[in-house]
Structure formats: structure tokens, C-alpha cells
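Asks: Take these sequences, add in the hints, and give me the full structure.
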Amino acid sequence: MPVYNVEKYLKKCVDSILAQTFTDFELILVDDGSPDSSGTICDEYAMKDSRVKVIHKENGGLSSARNAGIDSAKGKYLGFIDSDDYIAEDMYELLHNNIVKEEADLSICGIYHVYEGKKPSEKKKKYLILNRDEATVLIFHGNQISDHAVNKLYKKSIFSELRYPQGKYHEDSFTIVGILDKCEKVVVDTRQKYYYYHRDDSITSQTFSKKHLEYIDAWEQNEKKVSGRTKEIEEAAHQRVCFANFLVLDKIVNANLENQISETKEIVRYLRSNFSFIMKNSIFTKNRKISMLLLMISVRLYSVPSKIQKHYITTVNK
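Residues 4 to 321 in this note's numbering are what the sequence shown spells out, letter by letter.
Source of the hints: derived by calculation from the structure; they are not laboratory data. Some hints could be false.
Label pairs and their calculated CB-CB ranges [as the list claims (entries may be wrong)]:
id: 1; residue 1: 262; residue 2: 235; range: 37 to 43 Å
id: 2; residue 1: 59; residue 2: 304; range: 49 to 55 Å
id: 3; residue 1: 25; residue 2: 268; range: 47 to 53 Å
id: 4; residue 1: 194; residue 2: 227; range: 32 to 38 Å
id: 5; residue 1: 29; residue 2: 292; range: 33 to 39 Å
id: 6; residue 1: 163; residue 2: 265; range: 37 to 43 Å
id: 7; residue 1: 126; residue 2: 228; range: 27 to 33 Å
Derived lysine to aspartate or glutamate pairs resembling EDC-like cross-links, with alpha carbons at most 20 Å apart [unchecked claim]:
id: 8; residue 1: 214; residue 2: 261
id: 9; residue 1: 159; residue 2: 187
id: 10; residue 1: 11; residue 2: 87
id: 11; residue 1: 56; residue 2: 27
id: 12; residue 1: 268; residue 2: 192
id: 13; residue 1: 60; residue 2: 74
id: 14; residue 1: 51; residue 2: 74
id: 15; residue 1: 158; residue 2: 87
id: 16; residue 1: 158; residue 2: 136
id: 17; residue 1: 185; residue 2: 106
id: 18; residue 1: 15; residue 2: 105
id: 19; residue 1: 14; residue 2: 87
id: 20; residue 1: 234; residue 2: 136
id: 21; residue 1: 129; residue 2: 105
id: 22; residue 1: 158; residue 2: 187
id: 23; residue 1: 228; residue 2: 253
id: 24; residue 1: 214; residue 2: 253
Each residue gets a CB set at the ideal place from its N, CA and C atoms; glycine is no exception.
Replies: What follows is the structure, encoded as C-alpha cells:
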């Protein structure tokens, strides 16, 4: 678990891990040069529970901290948790039971997206056993399972050579295809056991910065990685690149920067050139397709529904 500047959230996260009904684990807390009291809190947990191991290192970012944990881990399986989130007490029991029962390489559960003042939404429960290609399609679709590093249990052998890329903003997206390529079988239980907390200064909640453009780069790279596989995978990969462009454009227009970010024109050009593909694709929602129609007219019209949604989420969080 990477730890950086999270003293406000850290105890809730660690407590939820140590309270797991599955108890045979080591918890590696990687203090990534945190300037607050997070490192001290980690040491206090290590003194109280022998399952806790603490690594103190110079700040290197999320990928660097995860990689340090991977290098230190001794177990047969690996899991990742972000230090401002928390988990249900039976999450790892569920993930472990499923990966053993199905003799899988990767076990996935569902995620609650938590916003202050807003009740997390429930999702339809499914149990899926997937081969590599099937899992790859669903990851690209992103509407049933996500590319997050968290909410998963991996065979450690997946990371025998694979590591998270340092210096990248969306390291999960850059890594997910490499992970799936190491899997023969993936088990998915969509019961929501991971609580993904969206705080105002988290990566997912921040206003636009140039680093968000890396999200597009990640999925363009993934599209190239799967080129030449099945038609279904190629279509799903292209859909995800389109979605990445939408997501970044949303952040740009919500920050009122569409006339200041030079890449805006290229993003708009790309989406407009994929108009027919987007409108015919069943993964894109009705609202997204309406936004696409508005984008064909102007960026200003496109920004209206995006800003309304952003205002609603911000208002609810206050």
C-alpha cells in the first residue's frame, strides 16, 4: 500500500485491512517520503501488528511505491490498496476463495465509488469466469470491470518481470494489458467490496492538468498492443481510446480551458472523425451520444451537459 500525505485517511484504510476475515497476509506500507505524519502512523501499526511491514523511501510517486512493495512481497498472491480508500472486511476472503476455486490468475471484485454526502450506487451482481481475450474486451469496455490496480488479487508470478511505469499519471491504464497478457483465466465477482474514495485533490477529482493527456496516450498504446488480435478486441480497444478522448475533453471544458489547451483541437478532430463509430457503438451511453451530437456543432454546446454534471457532483460533495 503506497502511503503519501494521507494522515487524515490512513487509519481508516489500515484498520479495514487488519480487520479482514482472511487473516493470513502481510501488509506492506510503503511510506513514499510523506511530509506529514503518515510515516509515523505506519510505524505505530507495525509495532502493534506483526503482519505489518513498513518501508520508508524517498518520494518517487505511486508507481515507485507500488514497485517497492512488489519487490518486498513474499506471498503467493499480491493485492494493492490506495491509502485514502478502505475495504469491506471480507474482500480478501472473497477474492482468495474465488482465485483458488477457479484456479485463476487474477480475481476481481466490484467497487463502490464514494463521494462525500452521496450514497454509493449499487451495481448488478455477476459472477464471470473469463479467458484472457474475454477479460481484455471487458476491461476495454470499462462498464463491468475496470483497469484499477486495486479491487484485485493477482498471482505474484504475473509481476515476475512486470512493473508499474514510473512518472506516469495513469499507471494502471498503462499496465493493465501487460497484466492480462500474463493471465489464462480471470474470475470476476462484481459484488462491491472496495470503497474508492473520491477526495477533491485526488487524481480522479482534480481539475485539468497536462498530465491528464497521458490517459489518451495509455489507451492509444493499449490499442497498438492488441492490434491484430480478434475483431472484438480491436473494436473494444478503439472504443476505449474514444472514451479516453471524451474524458480528457470533459476535464478541459469543465476547467474552461478549451481555448487555452493546444491539444483541444486534436481531441475534437479525433472524436468528430469517429462520429459514426461512436454513434453505432453499444457501449457508449445515450447521454454520451447526445454529447457527441453537440460536439459536431460546437465545443461550447458540448460543454453544457458536462458542466451541469460537474456542478451537480461538486454541489453534492459540499
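Asks: Run every hint past the structure and note whether it holds.
Replies: Hint-by-hint comparison with the structure:
no., hint, in the structure
1, 262 <-> 235: 37 to 43 Å, "39 Å, holds"
2, 59 <-> 304: 49 to 55 Å, "51 Å, holds"
3, 25 <-> 268: 47 to 53 Å, "51 Å, holds"
4, 194 <-> 227: 32 to 38 Å, "34 Å, holds"
5, 29 <-> 292: 33 to 39 Å, "47 Å, violated"
6, 163 <-> 265: 37 to 43 Å, "41 Å, holds"
7, 126 <-> 228: 27 to 33 Å, "28 Å, holds"
8, 214 <-> 261, "16 Å, holds"
9, 159 <-> 187, "14 Å, holds"
10, 11 <-> 87, "8 Å, holds"
11, 56 <-> 27, "14 Å, holds"
12, 268 <-> 192, "40 Å, violated"
13, 60 <-> 74, "13 Å, holds"
14, 51 <-> 74, "24 Å, violated"
15, 158 <-> 87, "24 Å, violated"
16, 158 <-> 136, "18 Å, holds"
17, 185 <-> 106, "14 Å, holds"
18, 15 <-> 105, "31 Å, violated"
19, 14 <-> 87, "9 Å, holds"
20, 234 <-> 136, "11 Å, holds"
21, 129 <-> 105, "15 Å, holds"
22, 158 <-> 187, "11 Å, holds"
23, 228 <-> 253, "26 Å, violated"
24, 214 <-> 253, "14 Å, holds"
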